[in-house]
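**Q** Per this note's numbering: the sequence shown = residues 191 to 974.
Keep in mind that the hints were calculated from the coordinates and are not lab data. In this text, all values refer to a predicted model and were calculated from it rather than measured experimentally. Each hint should be verified, as a subset may be incorrect.
Listed below are the simulated DSS-like cross-link pairs for lysine-lysine, each with C-alpha atoms no more than 30 Å apart in a straight line [claimed, not checked]: (1) Lys445 with Lys281; (2) Lys813 with Lys554; (3) Lys554 with Lys462; (4) Lys238 with Lys346; (5) Lys363 with Lys445; (6) Lys364 with Lys519; (7) Lys364 with Lys238; (8) Lys281 with Lys351; (9) Lys519 with Lys554; (10) Lys367 with Lys554; (11) Lys554 with Lys445; (12) Lys346 with Lys462; (13) Lys363 with Lys346; (14) Lys462 with Lys364; (15) Lys238 with Lys363; (16) Lys367 with Lys346; (17) Lys554 with Lys281; (18) Lys462 with Lys439; (19) Lys439 with Lys238; (20) Lys445 with Lys364; (21) Lys364 with Lys346; (22) Lys519 with Lys363; (23) Lys364 with Lys281; (24) Lys281 with Lys519; (25) Lys439 with Lys367.
Quick list of the computed label-pair ranges, beta carbon to beta carbon [stated by the list, open to error]: (26) Gly640 with Asp586: 46 to 56 Å; (27) Ser242 with Leu839: 30 to 40 Å; (28) Ser511 with Glu250: 53 to 63 Å.
For each residue, glycine too, the CB sits at the ideal point set by N, CA and C.
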Amino acid sequence: MAAKKKKKKYRGFWIFVKVQFVLSLLVLGGLGYYVLGGYASEVGSIRKEADSLVRNSTEETFRRYRTSVVYAADGSVISRLNDQGASYYLKRDEIPQPVIDAVVCMEDQRFYQHRGVDFRALVRAAKSLLENRKITQGGSTITMQLARNVFLTQEKTWQRKVEEIFIAQNLEKKYTKDQILEFYLNNIYYGNGYYGIGAAGSGYFDSEVGDLDLSQIAFLCAIPNNPTVYDPVTHMDHAVERRDRILGKMRDDGKITQMAYAAAVAENITLKRPEAMEKNNYVETYAYYCATRALMEQEGFVFRYQFATEDEREAYEQAYSESYSECQKQLYTEGYQIYTSFDLQLQEELQAAVDDTLSGFTEKNDEGVYDLQGAAVCIDNNNGYVRAMVGGREQDFDGYTLNRAYQSYRQPGSAIKPLTVYTPSFERNYTPESIVVDEPVEDGPKNANGTYLGNVTVRTAVEKSINTIAWKLYEELTPQVGLSYLENMHFSRLDAADYVPATALGGFTNGVSPLEMAAGYAALANDGMYREPTCIMRITDDTGAEVYLAAQEGQEVYRQNAARMMTDVLKGVFINGTGRGLGLSDMPCAGKTGTTNDHKDGWLVGYTRYYTTSVWVGYDMPKEMDSLMGNTYPGKIWQTFMEQAHEGLEWLDFLPYTQIPDASSGEMEAEDAATDEGNAQGETPAENGDTPQENVTDTPDTPQGSATDVPSSSQENGQGISDTPDATQEQPSDAPQQNTTGTSQENASDVSQENAAQSSGENAAQSSGENASDTPQETAPGAP
């Protein structure tokens with residue numbers, strides 16, 4: 191009995207010994223792998239580099255403020271980035287104590303105890319990662335974050351992490367805790383181009399930090415954790431939510447009283463951004479976006495637009511966000527000279543065309559933003575550069591606003607047909623004079639009053655925007671083939687649910703941007719060669735050395751002859767079709783109108799040999815507007831601007847296409863070429879809505895036989911795809927009005943469906959229109 195007790199008594203001891211022995215073997219094995227695998231040498235090199243970086247640092251190392259300058263095409267200065275950065279640098283005794291308390295409470299509770307690295311926090315972060323299979327808490331100390339922001343990149347590799355640890359440990363040896371806090375608070379990024387707490391206080395509240403109250407201080411301290419998610423301009427609610435968490439932590443840690451906490455969380459935060467931020471709103475936001483992406487490209491980032499799985503997309507978006515943030519930081523701090531293609535005279539004329547045409551619509555939302563909006567993009571066909579961009583109606587707002595020209599996505603209506611249906615068909619033996627049949631389509635769009643034109647030419651089908659023809663040609667091509675052209679032109683919001691017949695008429699899940707449409711039509715103008723739209727021509731550093739030079743190389747998307755056929759047909763839109771009366775007085779032009787279901791979006795995209803201009807008009811949150819069609823307000827904006835843009839330019843006609851045998855084929859059943867003349871009654875759009883080929887959306891439920899084939903209502907067989915083809919009519923007045931004499935009577939064949947929830951632009955948060963920052967991280971990753 192005693193022997194058994196003795197054996198049981200020492201059992202725990204021997205278990206402990208065995209465990210320690212196994213652990214020792216693991217440690218020895220790890221050390222052997224570390225040495226024999228070559229990691230010891232690599233870590234040694236990393237340590238030497240870290241030692242050198244900190245040894246050679248001075249206080250000036252942490253005051254890096256070099257001003258980057260953006261230039262217009264004529265060499266004039268558009269803007270200066272971080273122009274007053276040095277003046278915002280705050281010494282430790284100028285930083286209010288609540289700022290220190292808030293940062294330490296939330297970012298690094300053991301800041302005053304550790305020596306640069308908090309190994310307990312690293313263990314907690316690793317444990318959380320294993321338990322949740324995702325990062326739910328960080329292990330980086332304030333000193334490690336300072337090391338990363340000043341000396342390193344955001345790259346996620348073990349080498350970078352090891353160097354970050356070595357640098358942090360060395361920083362703690364060389365500088366005091368107060369100095370480290372001073373360096374950190376003056377270098378951390380607060381979004382919208384603000385580096386440091388001083389710049390953030392001035393930029394968001396037009397105030398010195400010392401004059402801010404507790405709630406405002408906690409609000410600013412909420413931003414650096416993720417400047418995109420907690421951006422006060424685009425995500426005020428997120429920033430306020432994190433502010434409240436910070437205040438709660440300060441209360442729990444005894445830094446503030448319950449009374450102070452209650453008063454601070456109850457305070458309503460109102461931004462007061464300085465007027466100095468109001469410069470060339472839409473020019474600047476797009477220039478910063480393009481410049482950041484140019485730097486990403488220079489560093490080897492590969493942009494993508496299509497993904498096989500959602501996981502693949504999420505992984506790309508994470509990598510994109512990290513690279514974008516790093517390059518954007520360089521843009522604001524490295525003293526670059528950024529040369530753009532913007533023509534400020536054209537910019538002024540395009541903005542005026544939008545503002546003047548929509549001036550009669552004065553209704554505003556709760557934030558004071560005009561309800562009815564417009565956006566437009568002008569591309570130089572000689573080189574593919576963006577010459578002018580308008581992202582909305584001009585208003586007197588602090589800071590930057592939503593740039594709808596590249597940040598919002600809307601349903602394109604029939605304006606998409608040349609890109610996905612007709613030009614691809616011209617590559618497959620159709621010609622402008624091929625005979626096609628306007629007839630009822632099973633599970634497809636129907637014409638008003640059940641009337642169809644019968645045999646017509648493809649040219650007539652385009653001019654009149656006949657939906658039945660576009661639908662049948664698209665089915666013959668297949669949606670996969672038709673949308674492959676958009677894929678090749680980097681349309682960034684295509685969805686798996688878009689590969690259905692409804693997209694023939696512009697019914698997309700997410701929609702397209704005015705920039706994408708302009709670039710697509712510019713490819714037609716450029717003989718089928720697509721060039722990635724940008725406004726950045728070159729970037730140099732502060733010594734004049736070249737950092738980036740745009741190549742603007744073309745990629746063939748359409749065959750040359752097919753593109754020229756499409757151009758020839760689109761010329762007729764302004765003569766005989768839905769854009770009649772909107773052509774230019776002394777310059778050949780080609781283009782297409784588009785109007786979505788219930789007149790929620792209106793488009794006109796057109797071009798000459800010189801310029802391609804895309805115009806969209808609608809509400810940020812889509813709603814019906816009887817007088818809105820492609821040939822009303824968008825058409826007037828397009829014509830007004832393009833007339834001015836071409837003043838003094840030499841008359842240039844488009845190049846002719848090569849005649850090929852007429853080969854109407856497939857399922858289109860051309861019966862008699864003579865009927866092209868016989869159906870002349872349909873050659874000119876009728877006024878007042880009595881055209882026989884009006885297409886409406888009285889369609890069956892699904893284009894492919896079952897509801898499961900169509901993931902969203904926007905894809906259902908063209909239901910609601912009446913896509914009015916903008917028939918001939920009087921030009922709209924500047925004041926809102928109901929169309930009583932033809933403006934609402936366009937061929938109902940041109941109004942393409944859209945999903946109201948999906949066509950609201952980027953998302954519901956953007957519906958106010960004025961909450962997009964100058965940091966285009968809000969834009970979909972990879973979007974142009």
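**Q** Confirm or reject each hint.
**A** Hint by hint, here is what the structure shows:
| no. | hint | in the structure |
| --- | --- | --- |
| 1 | Lys445 with Lys281 | 22 Å, holds |
| 2 | Lys813 with Lys554 | 14 Å, holds |
| 3 | Lys554 with Lys462 | 20 Å, holds |
| 4 | Lys238 with Lys346 | 20 Å, holds |
| 5 | Lys363 with Lys445 | 28 Å, holds |
| 6 | Lys364 with Lys519 | 26 Å, holds |
| 7 | Lys364 with Lys238 | 16 Å, holds |
| 8 | Lys281 with Lys351 | 29 Å, holds |
| 9 | Lys519 with Lys554 | 35 Å, violated |
| 10 | Lys367 with Lys554 | 51 Å, violated |
| 11 | Lys554 with Lys445 | 43 Å, violated |
| 12 | Lys346 with Lys462 | 36 Å, violated |
| 13 | Lys363 with Lys346 | 25 Å, holds |
| 14 | Lys462 with Lys364 | 39 Å, violated |
| 15 | Lys238 with Lys363 | 15 Å, holds |
| 16 | Lys367 with Lys346 | 27 Å, holds |
| 17 | Lys554 with Lys281 | 44 Å, violated |
| 18 | Lys462 with Lys439 | 27 Å, holds |
| 19 | Lys439 with Lys238 | 39 Å, violated |
| 20 | Lys445 with Lys364 | 29 Å, holds |
| 21 | Lys364 with Lys346 | 26 Å, holds |
| 22 | Lys519 with Lys363 | 27 Å, holds |
| 23 | Lys364 with Lys281 | 18 Å, holds |
| 24 | Lys281 with Lys519 | 22 Å, holds |
| 25 | Lys439 with Lys367 | 21 Å, holds |
| 26 | Gly640 with Asp586: 46 to 56 Å | 52 Å, holds |
| 27 | Ser242 with Leu839: 30 to 40 Å | 59 Å, violated |
| 28 | Ser511 with Glu250: 53 to 63 Å | 31 Å, violated |
Checked against the numbered hints above, the structure breaks hints 9, 10, 11, 12, 14, 17, 19, 27 and 28 and satisfies the rest.
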